[in-house]
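Residue numbers (the UniProt record's numbering), protein chains in the order written: chain Z, 1 to 405; chain C, 1 to 405.
No wet-lab data here; the hints were simulated from the structure.
Take the hints with a grain of salt, since some may be wrong.
Unchecked claim - Here are the simulated DSS-like pairs of lysine-lysine, each with C-alpha atoms no more than 27 Å apart in a straight line:
id	chain 1	residue 1	chain 2	residue 2
1	C	K405	Z	K206
2	C	K82	C	K206
3	Z	K359	Z	K178
4	Z	K405	C	K206
Please read these numbers as outputs of a predicted model, since none were measured by experiment.
2 protein chains.
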Amino acid sequence: MPMVEQPYRSWISAANREDCDFPLQNLPFGVFSTRDIAPRCGVAIGDMIVDLALCEERGLLDAGGTFSQPQLNDFIALGRAKWDEVRARLTGLLAEGGDENTPLVAMNAATLHLPIRVTEFTDFYASKNHAFNVGVLFRGPENALPPQWTHMPIGYNGRASSVVVSGTDIHRPMGQVKGDNGPLWSACRRLDLELELGAIVGADSKMGQRISVEQAEQMIFGYVLLNDWSARDIQAWEYQPLGPFQSKAVGTTISPWIVTQAALEPFRCKGADRVNPLLPYLQESRPGFYDMTIGWTMNGQRMGQTNYNVMYYSSAQQLAHHTVSGCPMRVGDLLGSGTISGASSEQTGALLEMTQGGKNPVTVNGESRTFIEDGDEIGLYAYATGDGYRIGFGPCIGTILPALK
Amino acid sequence: MPMVEQPYRSWISAANREDCDFPLQNLPFGVFSTRDIAPRCGVAIGDMIVDLALCEERGLLDAGGTFSQPQLNDFIALGRAKWDEVRARLTGLLAEGGDENTPLVAMNAATLHLPIRVTEFTDFYASKNHAFNVGVLFRGPENALPPQWTHMPIGYNGRASSVVVSGTDIHRPMGQVKGDNGPLWSACRRLDLELELGAIVGADSKMGQRISVEQAEQMIFGYVLLNDWSARDIQAWEYQPLGPFQSKAVGTTISPWIVTQAALEPFRCKGADRVNPLLPYLQESRPGFYDMTIGWTMNGQRMGQTNYNVMYYSSAQQLAHHTVSGCPMRVGDLLGSGTISGASSEQTGALLEMTQGGKNPVTVNGESRTFIEDGDEIGLYAYATGDGYRIGFGPCIGTILPALK
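Same shape as in the complex, but just chain Z (with noise of 0.2 Å):
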């Protein structure tokens, strides 16, 4: 199969336009549905998903029968060796002089799923400024950032059942605040956003062994953007000693479209710099960060963006650590990078760093907020800018419903 040279082209002409997410570079993967067909396996270019399930019933592709799958998890398992061919398979299919009897379907006739089966879902905390943020709302200045935050990633296991598709709504929750004669009953009223990064593994490590930041970058399939919606007052009641559990397990919005690591590559660069060396086990041997812009909107309105490049930590990094005491890693793992946030407050992933801790309002189309509203939605969005293309993740999108009484 000949390898088509960048920049290249696709005969699918909405993937060629500067501003599309989806052009030939990018392929990332997905489930689909439409009234015909039942959910099954797909990739985005332009306004159109390729049916990777018929592709390999028309003898296109081989990937053993697992596009037939909702969920591309048995696809993930077949391994790197097989990303690559197919990603290679298609770019041949795909490209200008490629095969346009490749079957597709108008992605505005078809319904996204969740595209893997979450197997367990942790949360990172990897964003210098934003750990120093919220630090000195929960515990001020000088107890901000943990002794051990610049040694470790910091995570916790978050709840892999409230991982939802873009598009779901989520309802506020109920449940115990602080009140000033002990706990209350009540609605949420801090709800927000968290804008972040998933990374989903590809393969599954043994009890027992403890996986290099090499290894780990390999063992990583893509990245989608996630929205981890948090629940901050319930947080603060709750969350010592062990740690946030139901202010966190509202729901987990997930983008649709999983970007491989491969589309990501030419993107490579370094993150935030380090402010002491890393143990060995933690350290990188190349950069593990991508360049791409990374913000989010409310109801519409542009509202904090930054850059992936002010991580501290790499999914790499995270996963590494994650099997540093033998923790077994399963494919479809979800590993949130932690929100992503810049020095300024126009750079913030979160409400809460943003309105600082409320104090401070925003205005969003001309009315006033602090957290979510009822009615509000949260859309997250990500690019990577290449020459004439751009490598995108597609909408992540959630709006928040009424408590449920």
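Knowing the structure of chain Z, use the given hints to seat chain C on it.
Just chain C now, kept in the frame of chain Z:
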């Protein structure tokens, strides 16, 4: 099918011994294999295992073919009416005068497996003695019990992939521990056990759905012994502010037999006295604990022993709280009770408490111990004592091997 009156006996004589963990009144579910039989579902009775898959093949039981699976999840998902029907049917088959052709396998010829595919694992912190004792060691007596502790069951999400069945060896973990000048890379020097009971969730709940304590109780299939191995030095360095992570991903050992709620029902009792009223969503309409001896051994020597009735929050209360923000629960979710400790040192369920953070060594078979050393075997046991019989859990054992360098 006629109901057998208590006290009732089995035609399998070993089941009628007063010190047998598995009398006719128990009938715990598990997964076994032999040299000739691939892993499938079974029920323990005396010194034998009922081959449930073969029972179904012969028309003795009806469970939709789920007993031929290598985990109980599919059977459990059939629901409480089916659990009760199968229990009643097995009672009839195995009672004196029942069917002596019921297919059995000798337990000593069988290998026992993880009884469920653990969907997600949550660990709670529901013994007030334990919470206070450990709080003193980590934060001093004035901050020992967190202010919300008497108002909600504090819990955190653990790592399902690291749950293993009794008999699985565990390597001492490596990790970061606090040194005088930053962290050290070290094998864990304060490795501990946690004596717990694990509840198996037997029904799904929907996203956004809050489960009452009464509904939660109906959703619990049964209980296992659970040892949540804990690396205390790694925990002390990592756990603020997001909770324990790698210190608790070393491994969690559960017993192979799931003792059903039905078997424990005669031992229902109240737990520890309430310090303050609970919010309505956590209030129970009847006692939620079991009068049950629970303890642990080290290298065969009896160490701590107490009663499950010392606990402050029941599994049903924990499950109800788990859904308060709308978090969906799923069949196969495992909820650890938290370490079960009585008030005195010889009633504690962890070495951290028993040795007061390593200050007061204990003697085990003539040797001094503060924490677990390489080669040490920890065993858990629990039983409820009835009239002429006991409902036991069988052993839950794990041995610590040296760290992998």
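Here is what the structure says about each hint:
Proximity of K405 of chain C to K206 of chain Z is assessed by CA-CA distance (about 15 Å); at most 27 Å being required, the pair is judged to hold. Annotation: proposed proximity of K82 of chain C to K206 of chain C holds, straight-line Cα distance about 21 Å (limit 27 Å). Under the criterion of a C-alpha separation no larger than 27 Å, the hint pairing K359 of chain Z with K178 of chain Z is consistent with the structure, at around 18 Å. This hinted pair checks out: K405 of chain Z and K206 of chain C have alpha carbons roughly 15 Å apart, not beyond 27 Å.
The structure agrees with every numbered hint stated previously.
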